[in-house]
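Asks: Following the hints, complete the assembly by docking chain B onto the known chain A.
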Amino acid sequence: MPDMTGYAFPNDIHIGWTLMVVLYPYLTGLVAGAFICSSLYHVFGRKELAPIARISLVVSACFLAVAPLPLLIHLGHPERAFNVLITPNFESAMAGFGIVFGLYLVLVMLEIYFVFRKDIILRARRSRGPLRWILAAVALFTYDISEEALAVDEKIVRVLAGVGIPAACLLHGYVGFIFGALKSNPWWSTPLMPIIFLFSAVVSGIALLIVLYQIAMRFRGTPIDQNCLRSMAGWLWLFLIVTFSLEMLEVITLAYERSEEWEVIGYLLSHQLSFSFISVQVVAGSLIPLILLMVVVLMSGHMKAPLLNMLTFVASGLLLMQVFSMRWNVVIGGQMFSKSLRGFRLDYVPEFFEKEGTAVAIVICIVPFLLLLVADRLLPLWSQADAKAHQDESS
Amino acid sequence: MGETVKKERHTKHVYRVLIILGLMTIVVFAVRYVLIPEGWGEYGNFRTGAVADMLEIEPVHGRWDGCKKCHPDQWEAVRTADHATLSCESCHEPLSFHVENGRRKTPMPTDRSYKLCARCHRRIQGRPEGFPQVKIDDHLEEMGGEFGPEVCLDCHASHAPLEGLR
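Residue numbers (this note's numbering), protein chains in the order written: chain A, 1267 to 1661; chain B, 5 to 170.
Pulled out of the complex, with its shape left as it was, chain A reads as follows (with noise of 0.2 Å):
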């Protein structure tokens, strides 16, 4: 049973929003982040990330397909779910959660079919029986792959990857709005939170792009492309360092402020989020990939490939890590004090065996790269020779 110290509420003893609610802002973070890398390339023209920029969109797909069962499960009753988009109260800031989620969707799905008509259609032409039925519907019946259709689809690709960048702002700057909108809570309430959720989210999108390309690249046996990866971690310092400055300038704010939330807050990051804060989203999530990634960047003249590619495969897994410590200490710390400001709860963890625990927690996150496996099954996500195909078509 959890112990509380202070003044506090009997109410204030249950973690309402679990595991699950800190999962959530983080699988829409890599959606979004994952997103926005793809823009990358497909809106702003950064060619060198061409062999990550099939993949970035169907990473982002795959964790947009799960996003929602977090809070399927927190909530119980899935049938209802859809109630939200019928009948949504607009008063209610999660109503618009149904239809931003359902746009960003068609979105994200329409982009996936143009960039990879070509290879649905050249599928189409290589299968027999039924699967040259599905695959001829995918591509609705018309196998117009001429340079000029190519050109077109490029096109498109390029709006809807513009529009998309706004719109992924949109699904994440939203979730972030969630907690930043609650006025009751010192922890929460604040126009940042919407800007650091963003900002982390596209650390956490590229980071995971990172630890999969090269994981792929080792499976596959291709060699990594060192310019994509350079690139990659050139980004990935530049987000990292206005995360980082958002967020520390966030606490800091509040410390030198000196106002009466500042006497729980204070408390609360070198007490109870001692190690998850301090430890781990400072120190260990933060520092040190900072430093890391300035080495890779700043000298990379200097050092050889591999050294080079493992520093910014370890910044990437520890700002993972970041991300995830984030969103804890921001959904879970953010429960840990009485609303009375005077009186804590001691700690909180998940069990491993519950409907919001450990254990689901991890099957939920494993479920998309399944999902990328499948894909990956389906349509060529990495090849290099096809990456090039693409960027010699669009140059």
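Read the hints as simulated data drawn from the structure, not as lab findings.
One or more of the hints may lead you astray.
With a straight-line cut-off of 25 Å between C-alpha atoms, the simulated BS3-like cross-links for lysine-lysine are [stated by the list, open to error]:
id: 1; chain 1: B; residue 1: 119; chain 2: A; residue 2: 1621
id: 2; chain 1: B; residue 1: 16; chain 2: A; residue 2: 1605
id: 3; chain 1: A; residue 1: 1421; chain 2: B; residue 2: 16
Replies: Coordinates of chain B only, in the frame set by chain A:
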């Protein structure tokens, strides 16, 4: 495919996608139209029939004295002791889990763990001053109890906690 003579626009597939999107939009709105329950929105974001539906639901809990008829002894014990103000169902499960049509349906589970007592008696400063509360560790030390999952019942009887001190 590439050697078409006539100048083609090569946007056939795009139009097909647009048509599908259009159809999807229509379907979404049609489904929404069909699914909006009757009476919704008459008085704001609310379904008028909801109240009538609620009235149809069988209550899960019994009445305040719903257990008295069959358990007069326990009733007597609880009502004359410190827990007199409590409903039986605040510690036991709701009546309908246990009784159906005036007969016992399933055994009533009893929670003998210390967590049951702690729910109301653990010291939390936000509780009213006069309410009996203990800091569990200190209380056990003071009374000479050894912590275990059902420790409170070693000394206290659940129905008459002080009267039935063991």
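Asks: State for each hint whether it applies.
Replies: Hints and how they fare:
no. : hint            : result
1   : B:119 to A:1621 : holds (20 Å)
2   : B:16 to A:1605  : violated (60 Å)
3   : A:1421 to B:16  : holds (15 Å)
The structure fails to meet hint 2 from the earlier list, while all remaining hints are met.
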